[in-house]
Structures are given as structure tokens and as C-alpha cells.
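**Student:** If you read the sequences in order, they're chains W and E.
Everything in the first sequence is counted per UniProt numbering, starting at 1 for the first residue and increasing by one.
Everything in the second sequence is counted per UniProt numbering, starting at 1 for the first residue and increasing by one.
Since the hints were made in silico from the structure, they are not lab data.
Note that the coordinates shown come from a computational prediction; the quantities given were computed from them, not determined experimentally.
Possibly wrong hints are sitting among the right ones.
Said to hold, decoys possible - As a list, the in silico DSS-like pairs of lysine-lysine whose alpha-carbon atoms are at most 25 Å apart:
#, chain 1, residue 1, chain 2, residue 2
1, W, K109, E, K94
2, W, K56, E, K91
3, W, K97, W, K123
4, E, K94, W, K101
Said to hold, decoys possible - Chain E is nowhere near these chain W residues, computed Cβ spacing over 10 Å in every case:
#, residue
5, K101
6, K173
7, I248
Quick reminder that beta carbons are idealized off the backbone N, C-alpha and C, glycines included.
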Amino acid sequence: MDTILTINNLTKKFGYLTAVKDLSFTINKGNVYGILGPNGSGKSTTLGIVLNVVNKTSGDFHWFDGNTTTHDALKKVGAIIERPNFYPYMSAYQNLKLVCKIKGVDYSKIDEKLEIVGLMERKDSKFQTYSLGMKQRLAIASALLNDPEILILDEPTNGLDPQGIHQIRSLIKQIASQGTTILLASHLLDEVEKVCTHVVVLRKGEKLYSGRVDEMISSHGYLELKAENTDGLVQFLEAKKMFGKIKIEDELITAFLDEPMDAKDVNKLMFENGIVLTHLVKRKESLEEQFLQLTDNN
Amino acid sequence: MLRLLNLELQKLLLNRTSKILIFVSFILPFTVLVLSSIKINFFGFFTLELGELGIFNFPIIWHITTFFASYFKFFFAIVVVSMIGNEYSNKTIKQNLIDGVSKKEFILSKFYTIVFFSLLATILIAVASFFIGLYYSSYTEVNIIFRETSFLLAYFVKLVGFFSLCLFFGMLLRRSAFALAFLFVLYIVEWLIFWGAYESFGDTETAFKVKRFLPLESMYKLIDQPFQRIMITKFPEKTDLIYDYAVHWYEIAIVLGWTALFIFLSFRLLKKRDL
Chain W
1 MDTILTINNL TKKFGYLTAV KDLSFTINKG NVYGILGPNG SGKSTTLGIV LNVVNKTSGD
61 FHWFDGNTTT HDALKKVGAI IERPNFYPYM SAYQNLKLVC KIKGVDYSKI DEKLEIVGLM
121 ERKDSKFQTY SLGMKQRLAI ASALLNDPEI LILDEPTNGL DPQGIHQIRS LIKQIASQGT
181 TILLASHLLD EVEKVCTHVV VLRKGEKLYS GRVDEMISSH GYLELKAENT DGLVQFLEAK
241 KMFGKIKIED ELITAFLDEP MDAKDVNKLM FENGIVLTHL VKRKESLEEQ FLQLTDNN
Chain E
1 MLRLLNLELQ KLLLNRTSKI LIFVSFILPF TVLVLSSIKI NFFGFFTLEL GELGIFNFPI
61 IWHITTFFAS YFKFFFAIVV VSMIGNEYSN KTIKQNLIDG VSKKEFILSK FYTIVFFSLL
121 ATILIAVASF FIGLYYSSYT EVNIIFRETS FLLAYFVKLV GFFSLCLFFG MLLRRSAFAL
181 AFLFVLYIVE WLIFWGAYES FGDTETAFKV KRFLPLESMY KLIDQPFQRI MITKFPEKTD
241 LIYDYAVHWY EIAIVLGWTA LFIFLSFRLL KKRDL
């Protein structure tokens, strides 16, 4: 598979604060990547470094096969960071024309991309008259102008109303379906879960997880159990090695599975060992639980 | 190079404020020059015709027009600092870099714009002075006409140097107003250095020699004030008025040195900064 971006041991310090610590990951062509992390976990800093606006402290990164300079590589990348930044006194069309001049793209692309994001009717209005949702869509149009190999979006739905969020998300999915690699930074879990195939989880600048979203979610799940004889149940669970961590809340016992196991088999096992369950539910963790577990317990 | 210039011109010419300021800084000195060259009749009491004073004679006209026109550079100085300030306040500098303008190209596009407008101003002044001179001057031999065109070169270098200083202050402070205020601070600092030099050397002449190396003074000294020279042409017997008003190569070299330094420092500043 073609790699698009490789990051090796990247570190960024702002004075005493380490914003990104020894971060390494690779981005391959054709996937939708999410960088997930709470606010201040170093998502935007990482993107800033690879986009050449923030200077790294140590480590290195390279675009594509490593033979292109970052300056040239950026012409094949489309990116928006934080808020959409355009010249307020220029119209949408004029702003995009400027981007065309920077990237060396033909002006005919402007109308095409404005059509995709649905801003054709407003293309001659000044940028300062746009709503936040429209600004964000214009930013996506601008990032798409050069038909980029990779589209980088930093919190693209931040501050939008539900409709705006929906519009942006379906836009992202539409773009991804055409084979464009996407890197999406977000602190919104369901956003990453809905849109991304791969995820990198960051906390305080450190990588906690990187891999496929479904693999991150697919632990073997956990059981919620209740029995008349709570102590006996707990003792039994602790004795068996297929159960990992056990949590007790009031009467409810949560046992995490270390091996795959059906609810039916659990019930049978319990009954054979003289424990009668009054409550048995098998659940899979959502990305949110997984994420909170990753970011809190470390 | 044309691409970078083209980028910057679009940013400037679509902005109404900078468009007006550019217009003013180019058209105003031009109009003043043309107006002053025509005969003005004050309601029949007397006629004022500056041309009669001999100030539009070749070669002194080059000296006079470039000296006065250079005061209008302050209008364009506002454009220069605001073209940096706006990039920071709109955060478009960040987006420009992400879109694929390198930091070097960013500074160069500003510098090319400065050179472009300085060149335009120089050409305008040259053409206007040339025709007004042809109309009024008592001497129209070719070698007299072109004798002191070194003032045009000085004018060009002076503009490029001054705007590069503005560019650097803009990059340093990121706010247009602060940058303009800093120009004034620099002016005071130069007088303080002059005063310090006077205290340590004991005479004004040496102190002025020191001050001549400072940015603002070196730019000012490129084109010396022409009033004394006008007096000399009127009263040739007053020999104590004679002074050195010519443009010297070392004066140009000092200003070019400052220009190079300001552009280099602006680049270094941008390179080191996290946006």
C-alpha cells in the first residue's frame, strides 16, 4: 500500500510544556483516519507540524515516498486547520482564485468544487457575510481545489448546528467514497466512529492506540451480572481466568471477558457451578467507553 | 516571481482600504506636482508661478521632485504594515502556508510587491518631472537633462529601504498600529544615539556621521534637502551656503545593507515562529 505520511518520534515542546511526545504513525492511501484526543492533546500541533506552520523540536516526518520536499508535497494536500481562514473582503470565488494561484490549479476547478459543497449561488458574496457552516464548507471546497491525495480536516464540525454537522459529515463520506484519503482530527467520538476506518488516540501528546476503529472497539465485550449470592459470584469470577477486570456497583457486577464467550455459555457455566443468575447481559463497548478507558486509566 | 507578485496584488487590490491608500500615495504627489507647475492666478492680485523660481529647471528638478514626493511614502507605508497585520489578524498567513506558499515565498511576495510599487512610483515621478522640466527648463541640452538622474535611483532605493523597514516591523509586531508607532520610536531612538554620540565625541559633526549609519537617517540622507540649493541658485555670492547634496554610492550602500538585513530578519522571524 502507498504511504502518504510517515511520522517518526515527533516531539514538540512549547517551553516547559510538551505538546507532542515521541509520536509515530503512518498514513496509507485510501483510508479515512481519525486523530482522536481530548482538547489539548496535541492533535492540532501534530497537524501544524506536518503542514509546515509549527516547527518541530525533534523527530521527523515525510510526505509520500520521502523524495518530495514538504513545500512541494503540500501542493498535493488539502488542509484546513481550526477555523476557516480567508480574506473577509474577498468573495468566495476570489478567495478560491487566490488558492488556485498558490497551488497552480486551473480556475475551472473553482465552480466544480463550489458545486460539490453547495455554495454556487453565493459564490460572489463576500466571505465576511457567510455563516459559520458556509465558511466551513468553503474551506472544504478550497482544500479540494487541487484534487488532493489527502484531505486533512481539523475539527471540521466544531461550532456548527446539527444540520451543519450533518452536511459536513455527509460531505466527508462522499469525498471518502471517491477514494480520497482523509485525516480527521476530532474530540468527538461518534464523529470518528461514524466516519473513520482507522484511528490514532492521543492523550497529552502521547499515542495511546493506533489501528482500525473496529479492532479498537472489538475487545471481547463485557458481562453485566446479578445473582442472589453476590459474594459467591465474585469469588467464582475471580477464580476463572477467562474473566479479566471485575467491577462491582451495588448489586450489579461487571466482568470483562478475556476470551470470546457467548451469553448462553456463561449462563450454562454458572448454573453448573451452582450459581443462579438473576440478571445477565452481554455488551460490547462503544468507542466512547473504550476511549474513556484508554485516556483515563493510563 | 510573477506568480508571487500576482498573489500579493490580488490581496491588495481587492481590499478597498489599501486600494485607496495606494491610489493616494501615487496620485497625490503626482497631482501636487502638476498643480504646482501650472500658473495660478490669485484673483488678479498676483500670479503664483513656481516655475518662474527656477525650481523646474534641469537638473535641479530631479532633486526637488524626488525630495518632496518621498514624503508621500507614508501612505504606502500604511499599506505595507497592514498587509502584514491583516495576514495575521485574518490568520490567512497560516492558511497560505498550508496551501503551499513556503515561508520564504511569503516574505518574497511581500518584498516583490514593495519593489514593484517603488519602481512604479519612481517611473511616475521620472516621467512627470521630465515633461514639466521640458516645459519650464531654460536648459534643454541632453547632457544637462540627464545630469542628476541619480536622484531617481536614490528615490527608488529610499522607498524600497523604508518599506522593507515597515515590512520588518509588521512581521515583528503583527499589528499595523504598533508597527507604525514603532517607526516613531525608532526615530526617537536614532536621536538618542545621536545625543549619546555627541556626549562621547564632543562635536555634532562626528555625531551626525554616526547617525548617518542608522536606518531612518540613512534613508533621509539619500536625498538631501534642496532648500539650501535653491538659495544658492538665487544668491550665488553666499559661498557659506555651499553643501554636499549629491547622491553618494556609500549612502546607497548603507540603505541597501539595511534593506537586505530587514528582509533577512523578517524571514528568520517567520521561520522561527509557530503560527
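**Student:** Which hint numbers does the structure go against, in order from smallest to largest?
**Tutor:** Hint 5 is the one this structure does not satisfy, whereas the remaining hints hold.
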